[in-house]
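Heads up: the sequence lines are chains A and B, in that order.
Taking numbering that gives the first Met the number 0, I'd label the letters of the first sequence as residues 0 to 460.
Taking numbering that gives the first Met the number 0, I'd label the letters of the second sequence as residues 0 to 330.
Quick caveat, the hints were computed from the structure, so don't treat them as lab data.
From a predicted model like this one, the values you see are computed outputs, not experimental measurements.
Among the hints, a few may not be true.
Stated by the list, open to error - No farther apart than 16 Å at their CA atoms in a straight line, the calculated lysine to aspartate or glutamate pairs in the EDC-like style are these:
#1 A:Lys435 with B:Asp188
#2 A:Lys274 with A:Asp445
#3 A:Lys435 with B:Glu327
Stated by the list, open to error - What the simulated footprint calls covered on chain A by chain B, stretch by stretch (three residues with Cβ under 8 Å from a Cβ of chain B suffice, anywhere in the stretch; the number is not a length):
#4 274-283
#5 327-341
#6 419-433
#7 436-445
Glycine included, every Cβ here is placed at the ideal spot set by N, Cα and C.
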Amino acid sequence: MHSGLMRIAGLTAAISLVATACASPGATPSRGAGASPTVAGASPTVTAAPPSQDAATPTQPAAQKVTYRLTTWAGEDESNELQELVLDEINASQSEFEIVHEPAPADYYTKLQTTLAGGTGADFMWLSQEYVAGYASRGALLDLTEPLKAIDSPAAAVDRYFPDVMSTALYQDHVYGLPWISQPVVLYYNPALFDAANIDYPDDTWDWDTFLTNAKALTKDTDGDGTPDQYGFSASGWPPVHMFIWQAGGDVISDDLKSSPIDSPEAIAGAEFYKSLIYNPECCPTEDTIAEQGFGEMFKAGTVAMFMGGASDTFESADGTVLDIGASVVPMGPTSRTTFAWTGSTVVNSTVENPELAVKALVALTDGIQHWKIVSPNMDLATKEVVTASLPDKWKDQKGPQVEAILASTSDMRSFNVIPRQQEWDDLFWREFQDKLYHDQGTAADLAAAARTQLEALLPE
Amino acid sequence: MPRIEWYAETLLRYAFVAAVIVGIMLLTYRGLVAVGVRRQTATGFALILPWFLGFLIWNLFPVAASLYLSLTNYNILQTPDFVGLANYDRLLNQDQQFWASLRLTMAYSAITVPLGLALALLAATLLNQGVRGVGLWRTLYYLPAVLPAFVTALLWRFMLLPTRSGLVNTATEPIWSLFGDNAPRWFLDPDTVLWGFVIMSFWGVFGANTVIMLAGLKNIPRDLYEAADVDGAGILPKFRHITLPQLTPTLFYLLIMGIIAGVQIFDIGLFVRVPRENFLNVYLYQQGFTFFNMGYASAIAWVMLVIILVLTLAVFRSSQAWVYYESEARR
């Protein structure tokens, strides 16, 4: 019996080995040589640098490089650009470290959370602006404040970033990330539809009234069936209502993060203006039409004349033709022309080994991305020369003439005031205020007053 | 670029685990033999050890852990703080969204489970009438059940669009017009969200249930029908007194599985954005993975477990009154 058991045990082990051998190629690369630096003690894991590609070069002793893992939400095209335009150059020029990219385009934040919780999180991570405070407050991120001071590089000079953009990477006045993009919302327009309606293109003289009047004038029933099939503008929760509240002089979370004054007269004015646009068939497609035809797709299809989008948005038709699209700064509100800036930062895992070297690698990475993405959050790089040089050849004709409007928008851009429980706050703000407002379930004043208490319960104490 | 050393390390780790399990099996065997257990019995225990370890590690431990986490404030990234029953107090006494999600989930289950069973029974009965090519029909009915849920969800979201592109509204618009109503806006209107989900549910459940019921119908002894024919029974009496009683074990099984699946419904809710509350499981996911409230999400999971347990027990208790087992009847 004993030998029988041994045979079964041996067979089990053999099957396990075969099964694991078959399964492992599909497995996610684990920590280790190619993963985060993990050698016991303070010394990081090192890997041999790739051998020289020049076959004639005599074999040299392999240099020792620390490997850092970067995870991002980049899809295939963006990943390829990141690798070719940024990482290859960094890895070729650096002797101390190399950065390996592990894109996770689907379900990015769930993967991020679970890998961090499981102790297998990447060393560097992209975070959208509304996440940095949350991850920092939960101890997941490395405090970069002091290490950055020791590095002499434009990307490490936090005082050279647009202050409102930099603020999204701060938590309790400490730096937890380096922003690599600041995309101000600009007003894109379809010149052909403006020409056909004999309306001047948008410019910096436009205010809310001009905008609404022209949006209505550009809304037309071209086939005479009683319903419009061309619209002046389109809104569906994007652009964020925050932008219009800011333009009216209000705010949704105060600068000190202590209140949510969404029921102030200024905030109400901004919300009511947004309400006059969204799903209003006099100027904009209804919710049903957007669900059917797609929000951004309608602008690309030439059925919407104006569209507010991020500075790096590009537009091509379904058959791949690059469209002729103009850009302007957003219309002036009652008190300002403030525009929303979507911001992304790269942060460092708090468990990273050799933090000094990791921050050095982060700075190199950020510097590379800031020369690739538009618009750089670093004020010194937000210039016509840098932005124009960053444009891919395919988009130079479309984006080139837009650069001036994009750069003009940077002086008015701001980001959200972000709290650790931002996702809950956003959900509640949408559910209890915006959604009800857009579906005529109350006035802006009544809804704001009712929602404020609940929203403020989520603010930091 | 992936490198061979990543996979080599993974392979070594797997091999190490396999070796450890084999080692534990051998130690268990020797230990049991040493204390006087018969070799045959010791071999049995040693061989079931991997499964038992798997059960402990992958089933029992997570279940116990989630019960503990439901009593904590746990944000996934930091150590849980014990808060006693605070999560349950908030859930049951303060969280309106939980109750709204629970209402939607229970309403969905209450409609789709019996209706799905009734429609499946009708289809299975028709297919059991000596239809030619029954294998083909069975395959066609079952096909939707093997499609990925997100494909089904996206397909139905498109079909239930409120405008001209929505096939359902295009087809039914004349009927709505007859009554002077506009066609429903389905997933864009909080009042019709439930019915959108109900229609979607028949796509998969109806087909899967039909195939299982058809198998149940095929197992009913033919001599029962022959005896009824001799007695001059018609179609309805035969269905009422033979088919239904003989099929009750199958109905019982499908009812239990339907209740569990109905309360746990998740995938279609995740892929179809709705204006207000969503299913309870989607709310759980949102709390755990979007809001970092994993302790609270664990409490929701345990409340769901209790709901499923109560409903399942109620059906089990009632089964004595309506489920007919021929073997028990013979006794």
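Going down the list of hints, with the structure as the test:
1. Using a Cα cut-off of 16 Å, the hinted pair Lys435 of chain A and Asp188 of chain B holds, with the two alpha carbons roughly 12 Å apart.
2. A distance of roughly 14 Å separates the Cα atoms of Lys274 of chain A and Asp445 of chain A; the hinted pair therefore holds under the 16 Å criterion.
3. Of the supplied pair hints, the one linking Lys435 of chain A and Glu327 of chain B is violated, its CA atoms being roughly 58 Å apart against a limit of 16 Å.
4. Only residues whose beta carbon comes within less than 8 Å of a beta carbon in chain B count, and the region 274-283 of chain A has 0; fewer than three means the coverage is violated.
5. Counting residues of the region 327-341 of chain A whose CB lies closer than 8 Å to any CB of chain B gives 0, so the stated coverage by that chain is violated, three being the minimum.
6. Counting residues of the region 419-433 of chain A whose beta carbon lies closer than 8 Å to any beta carbon of chain B gives 5, which reaches the threshold of three, so the coverage claim holds.
7. Requiring three or more residues with a Cβ within less than 8 Å of a Cβ of chain B, the coverage given for the region 436-445 of chain A is violated, as only 1 such residues are present.
Comparing the model with each earlier hint shows violations of hints 3, 4, 5 and 7; every other hint is respected.
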